[in-house]
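Asks: The chain contents come next:
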Amino acid sequence: DVKVTQSSRYLVKRTGEKVFLECVQDMDHENMFWYRQDPGLGLRLIYFSYDVKMKEKGDIPEGYSVSREKKERFSLILESASTNQTSMYLCASSFQGNGANVLTFGAGSRLTVL
Amino acid sequence: GQNIDQPTEMTATEGAIVQINCTYQTSGFNGLFWYQQHAGEAPTFLSYNVLDGLEEKGRFSSFLSRSKGYSYLLLKELQMKDSASYLCAVRDESNYQLIWGAGTKLIIKP
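As given, the protein sequences belong to chains A and B, one line each in that order. Residue 112 in our numbering is what sits at position 112 of the first sequence, and the numbering runs on without skipping anything. Residue 21 in our numbering is what sits at position 21 of the second sequence, and the numbering runs on without skipping anything.
Calculated from the structure, these hints are not laboratory results. Bear in mind that the values here come from a model prediction, so they are computed numbers and not experimental data. It is possible that part of the hints are untrue.
To be verified - Facing chain A, a subset of chain B residues (Cβ under 7 Å, in silico):
id	residue
1	G15
2	A39
3	P43
4	F45
5	F60
6	Y72
7	G101
Cβ atoms here follow ideal geometry from the backbone N, Cα and C, with glycine treated the same way.
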């Protein structure tokens, strides 16, 4: 019954490495989001997408990029990982339109950069 | 500026009632959400308020006062499985994005 799947639950990378975090949803949602979650802070939006091949910067896009080649898949890329990118990364998706547009989250990818 | 405040941690007893408060200051308002997040798991949706008043859903209720910038989540008949973090989020009217509080960790004791 998993609806938003993040490919890796735990990753350990070295400073300077390129990191790919994959997210797939099976609910035909138009919107997809990448957040990071750090202790003592609210979720912070990195990037989001309202459609295929479309992307918008969130509040903290520096050091990240994204790709949305298919509706169901939204990838987060760290071109050159740094220690301050050690965090929990959460992918989410939602429908568009009026109303609540509730987010459905993946289980998260915990990234450690050494 | 945009700000969401909620207590960092609360403790309650199994079978009791607990109220988790959330106050917000945002440039625009288009709804308030509560999510539950168990340790190591994904946040899951609990409630959505866009108009003032109380929304009841089983053991959980959520209240909103837009004029006061205030919401609370009320949990009744607490169970051990209610031990989790509770996240408050406000949707910004200008860009439809969510502004998140840091979450309240709720500890239930027997």
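Asks: Give a verdict on every hint.
Replies: Structure-based check of all given hints:
no.	hint	result
1	G15	29 Å, violated
2	A39	11 Å, violated
3	P43	5 Å, holds
4	F45	5 Å, holds
5	F60	15 Å, violated
6	Y72	18 Å, violated
7	G101	5 Å, holds
The earlier numbered hints that this structure contradicts are 1, 2, 5 and 6.
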